[in-house]
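Trainee: If you're matching them up, the sequences are chains A and B in order. To get our numbering, take the position in the first sequence, counting from 1, and add 167. To get our numbering, take the position in the second sequence, counting from 1, and add 10.
Take these hints with a grain of salt, some might be off.
[Unchecked claim] Computed cross-link-like contacts, SDA-like style, restricted to lysine to any residue with a CA-CA straight-line distance of at most 20 angstroms: (1) A:Lys349 to B:Pro94; (2) A:Lys349 to B:Asn139; (3) B:Lys240 to B:Ala255; (4) A:Lys349 to B:Tyr117.
[What the hints assert, rightly or not] Computed far set for chain A versus chain B, every beta-carbon distance over 10 angstroms: (5) Phe221; (6) Leu233; (7) Pro234; (8) Glu238; (9) Pro277; (10) Leu292; (11) Val347; (12) Arg351; (13) Arg375.
[Unchecked claim] Derived DEER-like restraints, expressed as beta-carbon distance ranges: (14) A:Gly334 to B:Met243: 40 to 50 angstroms; (15) B:Thr63 to A:Val256: 32 to 42 angstroms; (16) B:Gly35 to A:Arg286: 39 to 49 angstroms; (17) B:Thr144 to A:Glu238: 53 to 63 angstroms; (18) A:Pro360 to B:Gly136: 48 to 58 angstroms; (19) A:Ala287 to B:Glu107: 35 to 45 angstroms; (20) A:Ile412 to B:Glu107: 46 to 56 angstroms; (21) B:Gly59 to A:Ser333: 16 to 26 angstroms; (22) A:Ala359 to B:Thr58: 31 to 41 angstroms; (23) A:Ile412 to B:Asp140: 24 to 34 angstroms; (24) B:Gly59 to A:Ile288: 29 to 39 angstroms; (25) A:Ala359 to B:Arg215: 54 to 64 angstroms; (26) A:Gly334 to B:Arg215: 21 to 31 angstroms.
No lab work stands behind these hints: they were computed from the structure. Given the structure is predicted, the values throughout are model-derived calculations rather than measurements. Ideal Cβ positions, reconstructed from N, Cα and C, are used throughout, including at glycine.
Listed below, chain by chain, are the residues.
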Amino acid sequence: MQTEQSTSVRRHRTSDWSGFMVSASVGALVLWAYVASDIDTGRLAESGGRIGAFLDRMFPPDWSVLPTVVESSLETFRIALLGTAVSIVLSLILGVLAARTVTPPFIHLPLKWLLAAIRAIPLILVAMLMVGAVGLGPLPGILAIAFHSTGMLAKFYAEAIEGIPSGSLAALDSAGATWVQKLRFGAWPLVAPDLVRDTLFRFELNLREALVLGLVGAGGIGFYIQTYVRTFQYDKAATLTIVIIVFVVLIELLNHVVRAALK
Amino acid sequence: MNPIMSAHSSQIDISDLTFSYSGQGARILDIRHLSIETGERVAFIGATGTGKTTLLRLIDGRLLGWAGMVEVLGRTLSPRRAAPRSWNANIGFVFQEYALIERSTVYENVRNGRLGRTHPALSLFGIFNDRDETAITEAINDVGLADLADQRVDQLSGGQRQRVAVARCLSQEPSILIADEPVSSLDPTSAEKVLDLLRACAVARGATLLISSHQPKLVAKYVDRIIGLKQGMVAFDTAADAVTAEELGSLYGWHVTQPAA
Ligand SMILES: Nc1ncnc2c1ncn2[C@@H]1O[C@H](COP(=O)(O)OP(=O)(O)OP(=O)(O)O)[C@@H](O)[C@H]1O
Ligand SMILES: [Mg+2]
Chain A
168 MQTEQSTSVR RHRTSDWSGF MVSASVGALV LWAYVASDID TGRLAESGGR IGAFLDRMFP
228 PDWSVLPTVV ESSLETFRIA LLGTAVSIVL SLILGVLAAR TVTPPFIHLP LKWLLAAIRA
288 IPLILVAMLM VGAVGLGPLP GILAIAFHST GMLAKFYAEA IEGIPSGSLA ALDSAGATWV
348 QKLRFGAWPL VAPDLVRDTL FRFELNLREA LVLGLVGAGG IGFYIQTYVR TFQYDKAATL
408 TIVIIVFVVL IELLNHVVRA ALK
Chain B
11 MNPIMSAHSS QIDISDLTFS YSGQGARILD IRHLSIETGE RVAFIGATGT GKTTLLRLID
71 GRLLGWAGMV EVLGRTLSPR RAAPRSWNAN IGFVFQEYAL IERSTVYENV RNGRLGRTHP
131 ALSLFGIFND RDETAITEAI NDVGLADLAD QRVDQLSGGQ RQRVAVARCL SQEPSILIAD
191 EPVSSLDPTS AEKVLDLLRA CAVARGATLL ISSHQPKLVA KYVDRIIGLK QGMVAFDTAA
251 DAVTAEELGS LYGWHVTQPA A
């Protein structure tokens, strides 16, 4: 009895101690970030007036640019849509090959590392490389989105495929199903809802990320974000901001409805 | 004498069979000789882990890596290669863990039993022929799930799922009907119903019925022959009504205090 009690107390202390260590380390890290960045908080106070003037210049928004802004938002939408479409095709192929239950380790392990590496490269960097490779316009944007999102989508697809219970497919084997029939009547019903959910999630991310593609000349609304802000046309930037907010909210609503319909 | 008759071989013929899962690991199956004739109804009994499922999977053509001679439905099986589709379609298997497609409906799961019989390409577009439709509907009616045909199987009880698994096997119209512990999760009345059904379907089709079970007394009423397995070997092989208490005792390690009368 007594020994049991003392061990449980000691275990308690250990966890308290490790909790303190974690908090202290995180605190030290934040402090270091602040000190090393050499931030002059005085500037924040002084800038109060400037932020006021800035907001003042944003209103009223200049609605004359609405057609331009809507058209380039649609271009961003098209870039995200086509980029996602290409990514789905790539991810279906790579996802099957990267699934532990489908291919031997010498195929699925390097593929998983490759996908992790792709995920680690920021979209803006990919976009700059694509612009260098194929020139300005929506095409490098589409390619960048396709490449960038395959890192995540193929991983999700592989995980969905790995989640298929092997017994379910063995039963179809036993009934004499062909390989394609097993995919169609066994694997597909089991993974389809997951694949659709993952794809929608990635599409939403692609849309948000595609907003910045124009900054490096890879098409879409990003070009106007940069132009209006750099040239101090804040009333036009205001219109742009409102359009983007409406756009993102609409996509989120749509995604919500589709996700609720799946189950 | 008719030379063909004398050359007759059984529907299932196994000799000098050995098998272990990891190649040189513990022997899971070790069967000198076992043959089963067309239309026989046989129960395999034995303690847990004695190789009942493994033996049934072998007969279903799903096991590779064994040594010996195995002939099923006139085909000499290969321990290295899976059997062709048409042969697979003739053997139906009710899995111990049902192995259903969880997100599909009862109807779709039972339809999967037809995959080896229907047109392989047309079926991909949901086109099944009249013979398929009839077999599916009959199988669903036989197990009493007509009312639940459009229900997803992940919303069914354990017993209902087991009946779906049986229906999938029946829709396949197999010549050999294998059921691995088909009544393990059913109440006594439902268990008798399912065994009755399996037996009736086997009799109606002239099919061979192979069942594994942990309830020797119950299954004895539905089969003609009981084979006791112990550590992968045939411990006894007798008529269903002739199994003795000693034989059962030896399988399960019971101490038989009174000799059977
Ligand atoms: N995939 C596998 N890999 C390795 N060993 C296995 C595998 N499947 C079964 N075994 C082993 O083979 C032996 C026989 O298993 P099997 O499933 O045939 O037994 P069983 O008689 O059906 O048992 P139960 O009554 O519990 O269903 C067991 O010792 C088991 O641990
Ligand atoms: Mg078993």
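Trainee: Hint by hint, note whether the structure agrees.
Mentor: Verification of the supplied hints:
Only pairs whose Cα atoms come within 20 angstroms are accepted, and A:Lys349 paired with B:Pro94 is accepted, the gap being roughly 15 angstroms. A C-alpha spacing of about 19 angstroms is found between A:Lys349 and B:Asn139, which places the hinted pair at or below 20 angstroms, so the restraint holds. Distance check on the hinted pair: B:Lys240 and B:Ala255 sit about 15 angstroms apart at the alpha-carbon level, within 20 angstroms; holds. A distance of roughly 17 angstroms separates the Cα atoms of A:Lys349 and B:Tyr117; the hinted pair therefore holds under the 20 angstroms criterion.
Consistency note on A:Phe221: stated as away from chain B, and its beta-carbon is indeed over 10 angstroms from all of that chain's, at 53 angstroms minimum. Distance to chain B confirms A:Leu233 as a non-interface residue, since its nearest Cβ pair spans about 45 angstroms, more than 10 angstroms. With a minimum CB-CB distance of about 45 angstroms to chain B, A:Pro234 clears the 10 angstroms threshold, and the non-interface call stands. No Cβ of chain B approaches the Cβ of A:Glu238 within 10 angstroms, the least distance being about 41 angstroms, so the stated non-interface status holds.
No Cβ of chain B approaches the Cβ of A:Pro277 within 10 angstroms, the least distance being about 27 angstroms, so the stated non-interface status holds. With a closest Cβ-Cβ approach of about 39 angstroms to chain B, A:Leu292 is found to remain outside the 10 angstroms limit, as its non-interface label requires. The beta carbon of A:Val347 sits about 6 angstroms from the closest Cβ of chain B, which is not more than 10 angstroms, so the claim that it is off the interface is violated. Some Cβ of chain B comes within 10 angstroms of the Cβ of A:Arg351; the nearest lies about 5 angstroms off, and the non-interface call is violated.
In this structure A:Arg375 is separated from chain B by more than 10 angstroms, as the shortest Cβ-Cβ distance comes to about 30 angstroms. The hint said 40 to 50 angstroms for the Cβ distance between A:Gly334 and B:Met243, and at roughly 27 angstroms that hint is violated. Evaluation of the 32 to 42 angstroms hint for B:Thr63 and A:Val256 yields a pass: the beta carbon distance comes to about 41 angstroms. As the Cβ distance of B:Gly35 to A:Arg286 is approximately 41 angstroms, the hint placing it in 39 to 49 angstroms holds.
The supplied range of 53 to 63 angstroms is met by B:Thr144 and A:Glu238, whose beta-carbon atoms lie about 58 angstroms from each other. In this structure the hint that A:Pro360 and B:Gly136 lie 48 to 58 angstroms apart at CB is violated, the actual value being about 19 angstroms. Our hint of 35 to 45 angstroms for A:Ala287 and B:Glu107 holds, since their Cβ atoms are close to 40 angstroms apart. The hint said 46 to 56 angstroms for the Cβ distance between A:Ile412 and B:Glu107, and at roughly 51 angstroms that hint holds.
A hinted range of 16 to 26 angstroms holds for the C-beta pair B:Gly59 and A:Ser333, which are about 20 angstroms apart. Between A:Ala359 and B:Thr58 the Cβ separation comes to about 37 angstroms, which falls inside the hinted range of 31 to 41 angstroms. A:Ile412 and B:Asp140 have their C-beta atoms about 57 angstroms apart, which leaves the hinted 24 to 34 angstroms range violated. Taking the beta carbon of each, B:Gly59 and A:Ile288 are about 51 angstroms apart, not inside 29 to 39 angstroms as hinted.
At about 35 angstroms, the beta-carbon gap between A:Ala359 and B:Arg215 misses the expected band of 54 to 64 angstroms. Under the hint 21 to 31 angstroms, the C-beta atoms of A:Gly334 and B:Arg215, about 26 angstroms apart, fit the expected range.
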